[in-house]
Amino acid sequence: MTIRRPANGREFLAGAAAAIGVIIIVVAITMSGRSVALLNVSYDPTRELFEEYNQAFAAYWREATGQAVSIRQSHGGSGAQARAVVDGLEADIVTLALEVDVNLLAEAGLMDANWRDLLPNRSAPYTSTIVFVVRAGNPKNIRDWDDLVRDDVAVVTPNPKTSGGARWNFLAAWAYAESRSGGDEAVTLDFVRRLYANVAVLDTGARGSTQTFAQRGTGDVLIAWENEAHLTVGEFGAGAFEIVMPSQSILAEPPVAVVTRYADARSTATVAEAYVEYLYSAVGQRIAAAHFFRPSDPDLVDPEALAAFPAIQMTTIDHFGGWAEAQPRFFGDGAIFDQIYLPAP
Amino acid sequence: MAHAFSLSRLRKPSVIPGFGLTFGFAVTYLSLIVLIPIAALVLQSASVGWDEFWRIATDARTVAALRTSFGLSLIAALVNMFFGLILAWVLTRYRFPGRRIVDAMVDLPFALPTAVAGISLGSLYAVNGWVGGLFDFRITYTSIGITIALVFVGLPFVVRTVQPVLEDLDKELEEAAATLGAGRWRTVIRVILPPLVPSVLTGFALAYARAVGEYGSVVFVSQGLPYVNEIAPQLIVIKLEESANYGPAAVIATVMLALAFVLLLFINLLQAWGRRRFGSVG
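As you go down the protein sequences, you meet chains A and B in turn. Be aware that the first sequence starts at 823, since it is given in our numbering, and climbs by one per residue. Be aware that the second sequence starts at 21, since it is given in our numbering, and climbs by one per residue.
Treat the hints as calculated values from the structure; they're not laboratory data. Beta carbons are placed, not taken as given, at the ideal position from N, Cα and C, and that holds for glycine. Some clues are possibly wrong.
Label-pair restraints from in silico Cβ distances [unchecked claim]: (1) E72/B to D934/A: 50 to 60 Å; (2) V248/B to E873/A: 32 to 42 Å; (3) W74/B to G910/A: 26 to 36 Å; (4) E873/A to V136/B: 20 to 30 Å; (5) R158/B to G910/A: 40 to 50 Å; (6) L1128/A to V62/B: 47 to 57 Å; (7) N288/B to D934/A: 47 to 57 Å; (8) L1128/A to W74/B: 25 to 35 Å; (9) G233/B to K962/A: 32 to 42 Å; (10) L279/B to P942/A: 46 to 56 Å.
Stretches of chain A that chain B covers, calculated by requiring three or more beta carbons in the stretch to come under 8 Å of a beta carbon on chain B [stated by the list, open to error]: (11) 978-984; (12) 1014-1023; (13) 1133-1142; (14) 1147-1157.
So here's chain B without its partners, still in its complex pose:
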């Protein structure tokens, strides 16, 4: 345990043992799974040279694809935030037959291969599909279809982040609000929602990040036309086909990564603000 002792000067004393071991494990693990691959990616993108990097990153087509990816993902994450909240509410506050089954269904988007999801959504919402046939406008092969696929893959996040907080929320708070004369809406908006803000934001951020990186399901519902509704991951695949080296594809990936990082950082700051403002529960 010499390792742990040498580290002991770097940390505040704690009664819980095992810091050295777990910290070492965490760093190694993160490096192998996240840091090294991402460093390799950034390195790869740098191999094209700065001028070329800038040209690819600001190319009209790249910008259009990034706008499509981040824009549609934002819409999908917002939809997931709203309906995820309602789903979590229904699952924690009411007891109804089949609740466990509905609860389990929420996780299905994680288990299903996204290509399978894309194919079934695409067929269902096609002009000759069960659902698509009911509308007189196209869904599959439009931005609406892409958004639906992104909603699907991001569905579990908000539900799963909000659920435990909602379960721990003291019912007495609501009763107190009622006895103090607050109406139903006032209770929801002033008493129930504020403590949920941090967890909703976490769920939103996860759903957003997940949607931005999604490829497998989108290619089956997207028209795939450049400048129209080509998503950034699709453009990355195209760049891979164009040349034998990974440079140009890595450039777009690095730009996506940077944008996503800035967004997640922003959401994290929002969250910290939310915690200070509304207090932390759970």
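In isolation and in its complexed conformation, chain A is listed as follows:
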């Protein structure tokens, strides 16, 4: 008993894939002679930011050195991207959502353990924070974290286990509950449990959550990174959604680093270092702000562009003892996040 047709289809696909592979290799070989190529392995929400930044950097580098540089981008979930690099994806630069993901590379010997100290602002050229997106007119009158535990509110946020970015969402809620309860862990846990009991859909990634909320009419409030929130509002028009700033949030610091082992092997270390350093220049900061990431050096950016970033009270990851402590405490196997989903005994 054979199934002939699917096999043919697969053979065709395999053939096509091989052909495309060969074309890519040929193109890569012909390109490599004339210019230097960088691979920036990044996470999902930076797609538009680096599209613009790469052009700006290429222009700057040609001006400064006369060398043409082409930058390839790879986007995906932050943790999966980090593992891909550990498993041999030869990235010159990583620009990820979490310090722990870059630490994974350092542990694998791909860069120095002190990578965080090599660039200003602890290697975070831009930061962000966690905000709410609600439907136009804010029909459920959602103002702050307290409204998210109300019985009549459905929340959309990604699973912090599969989405590195969503760990900031969780910690923002935790930090708020903690300061409200005066540091009582049981009360804090109960608040966060009630919040996640209101979660209608726990998508695997941030873009999935945005789709669920914006395109499929699910939920009353989306917990999102500030830059994603602005992107969503911009994409669907200001008439469809509104951004609500909670009274308190967290300072999300997505780090950047040169993967020195790969960059050295590929002789791209100089240009890769210039690439991450240029993110701190006026041009880099302006582009980051234009894509709604908070510039690490606001003085380099027009005050008008800064109007999108109201000052709110922000906790930092240091409050949780850094990622090295926060990761196992909240997101390890059987840790706090797993506990809030345990069925009642």
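Once you've looked at the hints, dock chain B against the given chain A.
Relative to the frame of chain A, chain B by itself:
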């Protein structure tokens, strides 16, 4: 060809040449593509130690995820078995305009990236979607939505396994049944269906196995809530994020593999029984 001669003592004599060459190729190929990766997976899962293996495998959440995966896949495979049979029947027994196009459409679920399928199914069956809006209960983000996605990815299997058998089925058998006084239903149940049993089971097994391993489309229609409708592949991805080593994820994968193997073996035995009972056609 010395290789072939040394093998010659191991096999029954055959008039067809090339046994050594093709057998060697088959073994190498299977090893590279299937055996070595699976062995690596099992090895990886063993790295956590037996106690830890057992703890992860019997953890309430793992069990819930496995139940969701295997349960919903079973429903999807049953749906595919029933409608796949009807589809194959329509495509082989009737001539109608556009038959070739319908025939080609059956294979589309193989060609489409499953994430694309998941996104379009999710949007279509959402509360504000074209189809989802017609129902007063939720489809996307429920087990029903997951099942629909699993039906989609498994659709071609039963159709493609049954079709060639149905095409070869002798029409005279049906005519003979009719002349001997069998009614229409009796003809279908006693004459047409029995020879199809082995191929239907093959299609069912393939559709089932395909659905159990599906991840890409399900994540876009699943609510993703632990203990509610989290599928096992999703839990594997979560385990990967939890620690830098692949051990815990490999444990769940190994359990899935073992369960799937037992099920496929069972279906194979059923098939062998079906062949003996109903005879083999095609």
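Structure-based check of each hint:
no. : hint                         : in the structure
1   : E72/B to D934/A: 50 to 60 Å  : 32 Å, violated
2   : V248/B to E873/A: 32 to 42 Å : 37 Å, holds
3   : W74/B to G910/A: 26 to 36 Å  : 32 Å, holds
4   : E873/A to V136/B: 20 to 30 Å : 22 Å, holds
5   : R158/B to G910/A: 40 to 50 Å : 42 Å, holds
6   : L1128/A to V62/B: 47 to 57 Å : 55 Å, holds
7   : N288/B to D934/A: 47 to 57 Å : 54 Å, holds
8   : L1128/A to W74/B: 25 to 35 Å : 56 Å, violated
9   : G233/B to K962/A: 32 to 42 Å : 40 Å, holds
10  : L279/B to P942/A: 46 to 56 Å : 52 Å, holds
11  : 978-984                      : holds (count 3)
12  : 1014-1023                    : holds (count 3)
13  : 1133-1142                    : violated (count 0)
14  : 1147-1157                    : holds (count 3)
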